[in-house]
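Quick note, the sequences are listed as chains U and C, same order.
Just so you know, our numbering puts the end of the first sequence at 102, numbered straight through with nothing missing.
Just so you know, our numbering puts the end of the second sequence at 102, numbered straight through with nothing missing.
For the record, the hints were derived by calculation from the structure and aren't laboratory data.
Since the structure is predicted, the reported quantities are computational estimates derived from the model, not experimental observations.
C-beta: ideal position from N, C-alpha, C; glycine also.
It is possible that some hints are incorrect.
[What the hints assert, rightly or not] Residues of chain U placed beyond 12 Å of chain C at every Cβ, according to the derived structure:
| hint | residue |
| --- | --- |
| 1 | Gln15 |
| 2 | Ser17 |
| 3 | Met30 |
| 4 | Thr43 |
| 5 | Ala46 |
| 6 | Val57 |
| 7 | Tyr71 |
| 8 | Ile74 |
| 9 | Glu82 |
[As the list claims (entries may be wrong)] Below are the DSSO-like pairs computed for lysine-lysine, each with C-alpha atoms no more than 30 Å apart in a straight line:
| hint | chain 1 | residue 1 | chain 2 | residue 2 |
| --- | --- | --- | --- | --- |
| 10 | U | Lys67 | C | Lys45 |
| 11 | C | Lys67 | U | Lys67 |
| 12 | U | Lys45 | C | Lys45 |
| 13 | U | Lys72 | C | Lys72 |
| 14 | C | Lys67 | U | Lys45 |
| 15 | C | Lys45 | C | Lys67 |
| 16 | C | Lys72 | U | Lys45 |
Protein chains: 2
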Amino acid sequence: MSKDAPRSNKEQNSVFVGRRPTMNYVMATMMILNTGEDCTVKARGRAISHAVDVCEILRNRFLKGTEYKDIRLSTEQLEGENGQSNNVSSIEIVLAPPI
Amino acid sequence: MSKDAPRSNKEQNSVFVGRRPTMNYVMATMMILNTGEDCTVKARGRAISHAVDVCEILRNRFLKGTEYKDIRLSTEQLEGENGQSNNVSSIEIVLAPPI
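Whole structure, please, built from the sequences with the hints as guidance.
Shown next as structure tokens:
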């Protein structure tokens, strides 16, 4: 992580779930939690289910004892290609590392 | 609701989101919240994203002031057709009606 371009601490500690394989996100999340800091798993639209899978696999198989600290649901407005805006649901799952 | 077969109060106050149109679930949820009681929106697997949409549409368009009282994520074991069990993520979103 130290070689990355500087990012805000909050952004650094979040994983944005998209279309890559689930295990990629599980590993990225685990690396952050292993530093002892909270990690926020974020997703929009259909990837929300995927984000839940990432967290559940992590908690059940890799880092048992990881806690859900906060789960936030919201709606974001995205600009469509044709200029109109679309509403899309989003989730932010804050994970706290096992003690 | 009074004509339904008797169900436990907890089950009566929950909506299980599947593949029907989003608005069906929004309306079912709104009917329960309008009685003044909490409503639990549940979903498994890919329908999790759908359940979040249902809650967000309800909160933003229909019953403004509806609060997220609790959001629980878990994993359920489902029996596959070939006898092996599959893990599937699930969500339970507890909504409290506006005061």
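Verification of the supplied hints:
1. Gln15: holds, 24 Å
2. Ser17: Answer for Ser17 of chain U: holds, closest chain C Cβ roughly 17 Å.
3. Met30: Non-interface label stands for Met30 of chain U: nearest chain C Cβ at 18 Å, farther than 12 Å.
4. Thr43: The claim stands: Thr43 of chain U keeps its Cβ more than 12 Å from every Cβ of chain C (closest is about 14 Å).
5. Ala46: Non-interface label fails for Ala46 of chain U: nearest chain C Cβ at 8 Å, not farther than 12 Å.
6. Val57: About 9 Å separates Val57 of chain U from the closest Cβ of chain C, which leaves it inside 12 Å; violated.
7. Tyr71: violated, 6 Å
8. Ile74: Ile74 of chain U is in fact no farther than 12 Å from some Cβ atom of chain C, at 4 Å.
9. Glu82: holds, 18 Å
10. U:Lys67 / C:Lys45: Given that 30 Å is the threshold and the Cα spacing comes to 24 Å, the pair holds.
11. C:Lys67 / U:Lys67: violated, 37 Å
12. U:Lys45 / C:Lys45: holds, 20 Å
13. U:Lys72 / C:Lys72: Since the Cα atoms of Lys72 of chain U and Lys72 of chain C sit roughly 14 Å apart, the hinted pair holds (cutoff 30 Å).
14. C:Lys67 / U:Lys45: OK: Lys67 of chain C and Lys45 of chain U at ~24 Å, within 30 Å.
15. C:Lys45 / C:Lys67: Distance ~20 Å between Lys45 of chain C and Lys67 of chain C Cα, so the pair holds.
16. C:Lys72 / U:Lys45: With Cα atoms ~20 Å apart, Lys72 of chain C and Lys45 of chain U stay inside 30 Å; holds.
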